[in-house]
Amino acid sequence: MARLRSRRHMTQQMLADRLGRSKSWVDKVERGVRTLDRFSVIAEVATVLCVDPTLLLGRDTPPPTGGASVAAGIDAVRAALARYDTDPDRPAATPAGDLAARVGHAWLAYEHADYPGLLRALPGLLGDAQLAHAASGSGKTASLLVQAYRITASVLVKLGQADLSWFAADRAMAVASSDPSLSASAVVPLGQALRALGCARLALAATVPATHRITTPRPPGTMLLRGALLVEAARAAAACKDANGVRELLDQAASIAAQVNHGDDPCRVGFCPATVTLARVTTAADLGDAHEAVTLHAEVVALGQWLRLPVEHRAAYLLDVAQAHLLVGDLLAAGRTLIQADRTAPSEVRLRPAARTVIAELTRGGPLPADVASLATAIGLPT
1 MARLRSRRHM
11 TQQMLADRLG
21 RSKSWVDKVE
31 RGVRTLDRFS
41 VIAEVATVLC
51 VDPTLLLGRD
61 TPPPTGGASV
71 AAGIDAVRAA
81 LARYDTDPDR
91 PAATPAGDLA
101 ARVGHAWLAY
111 EHADYPGLLR
121 ALPGLLGDAQ
131 LAHAASGSGK
141 TASLLVQAYR
151 ITASVLVKLG
161 QADLSWFAAD
171 RAMAVASSDP
181 SLSASAVVPL
191 GQALRALGCA
201 RLALAATVPA
211 THRITTPRPP
221 GTMLLRGALL
231 VEAARAAAAC
241 KDANGVRELL
251 DQAASIAAQV
261 NHGDDPCRVG
271 FCPATVTLAR
281 VTTAADLGDA
291 HEAVTLHAEV
301 VALGQWLRLP
311 VEHRAAYLLD
321 VAQAHLLVGD
331 LLAAGRTLIQ
341 ADRTAPSEVR
351 LRPAARTVIA
361 ELTRGGPLPA
371 DVASLATAIG
381 LPT
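Numbered per our numbering, the sequence shown spans residues 1 to 383.
Don't read these hints as lab results, they were simulated from the structure. Certain hints may be false.
[Said to hold, decoys possible] For each label pair, taking beta carbons as the anchor points, the in silico distance ranges come out as:
id : residue 1 : residue 2 : range
1  : Ala-72    : Pro-266   : 12 to 20 Å
2  : Asp-163   : Glu-111   : 22 to 30 Å
3  : Asp-179   : Asn-244   : 43 to 51 Å
4  : Ala-378   : Ser-178   : 45 to 53 Å
5  : Ala-82    : Ser-136   : 30 to 38 Å
6  : Lys-28    : Gln-305   : 32 to 40 Å
7  : Asp-170   : Ala-72    : 22 to 30 Å
8  : Ser-69    : Lys-23    : 54 to 62 Å
9  : Leu-36    : Ser-136   : 50 to 58 Å
10 : Asp-98    : Ala-302   : 19 to 27 Å
11 : Asn-261   : Arg-343   : 15 to 23 Å
12 : Gly-329   : Tyr-84    : 48 to 56 Å
13 : Asp-179   : Leu-303   : 33 to 41 Å
14 : Ser-178   : Ser-255   : 40 to 48 Å
In this text the structure is predicted, and so the values were computed from the model without any measurement. Even glycine gets a Cβ: it sits at the ideal position worked out from N, Cα and C.
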């Protein structure tokens, strides 16, 4: 734990504050005086440190499905983000029209949870988008570059790279600084990255003001962006344990969802009534009311509207529901939900640390069902 904490440039006091514990507790754990003997605590520490829980368990496990290629892809994306040698006098390698098509394909890869393929495409896309914007400086190339950064930030936060995700989102904010709507679109992944880093209050401070910069006279597509920001703000409020804030923000989002045309989504935020409904489930779990989350999920399943969402969104939601089932002690339902998520979007489960946490907790509960045990083996977790 001490080594991982140091890698994140965190002091013992910083770690203690994020865990809601004392500095003395952290010090005793790191010196071996106190043992991390409960998986729930291990998972909590792993979440704050943005690592897989198995790293804290000290187990030598084989890499998950596609682990080596994903690690290489993340390194390539990191290298692309670290480039500062863009020459504005050098002609863009890709015409704006072709670049727009590639950005569109990247969005589709993300929505279908093709994370390995997306990681292979992003380094080249980022480089060409940077060159195109340096060469023309137009609003169109700025929009394409911001979208490339947004996609990058979104996939990185899923793969447990919250710090790198924050960097990509911050890059998007810098490019979009002169355009309020474009800047607001970059706040969505920024809020996600900050929450993943354990900085929920900062995420709330970023998302709520962004919603106020978008007013009703704007085009419907921009109002969808406002709705997405309200949902992200609600997730941040839930992480801050602000139940009243969550309710108010989601009610505002529901009001927008009921008024606008969801077919016009130029900002690619995927906001619709179903996203608000799912957010009520996930925020209930985040607030600690897992029973309410499970009850609301049953209503979601009955309505069926959520099945129209992209597979990435559905599988990510099912992972949250599986964790809610764990919190209420229903291991069988947690396992079933996890398998449903895997069938919906395998990469969402097999490449995300959050899924490994669920499987590890299921393993502690006793013998695994055959399908969950097979999934654990595929991921590289001991059963």
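Hints and how they fare:
1. Ala-72 x Pro-266: 12 to 20 Å: Check failed, 33 Å falls outside 12 to 20 Å.
2. Asp-163 x Glu-111: 22 to 30 Å: holds (24 Å)
3. Asp-179 x Asn-244: 43 to 51 Å: At 33 Å between Cβs, range violated.
4. Ala-378 x Ser-178: 45 to 53 Å: The hinted range 45 to 53 Å holds for Ala-378 and Ser-178, with Cβ atoms some 47 Å apart.
5. Ala-82 x Ser-136: 30 to 38 Å: Violated - the Cβ-Cβ distance for Ala-82 and Ser-136, about 23 Å, lies outside 30 to 38 Å.
6. Lys-28 x Gln-305: 32 to 40 Å: With Cβ atoms ~49 Å apart, the hint is violated.
7. Asp-170 x Ala-72: 22 to 30 Å: holds (24 Å)
8. Ser-69 x Lys-23: 54 to 62 Å: Given a distance of about 40 Å, which is not inside 54 to 62 Å, the answer is violated.
9. Leu-36 x Ser-136: 50 to 58 Å: The hinted range 50 to 58 Å holds for Leu-36 and Ser-136, with Cβ atoms some 53 Å apart.
10. Asp-98 x Ala-302: 19 to 27 Å: Given range 19 to 27 Å: violated, Cβ gap about 45 Å.
11. Asn-261 x Arg-343: 15 to 23 Å: violated (32 Å)
12. Gly-329 x Tyr-84: 48 to 56 Å: Check passed, 51 Å falls within 48 to 56 Å.
13. Asp-179 x Leu-303: 33 to 41 Å: With a Cβ separation near 36 Å, Asp-179 and Leu-303 satisfy 33 to 41 Å, so the hint holds.
14. Ser-178 x Ser-255: 40 to 48 Å: Given a distance of about 30 Å, which is not inside 40 to 48 Å, the answer is violated.
Violation of the numbered hints given earlier is confined to hints 1, 3, 5, 6, 8, 10, 11 and 14; the remaining hints are satisfied by the structure.
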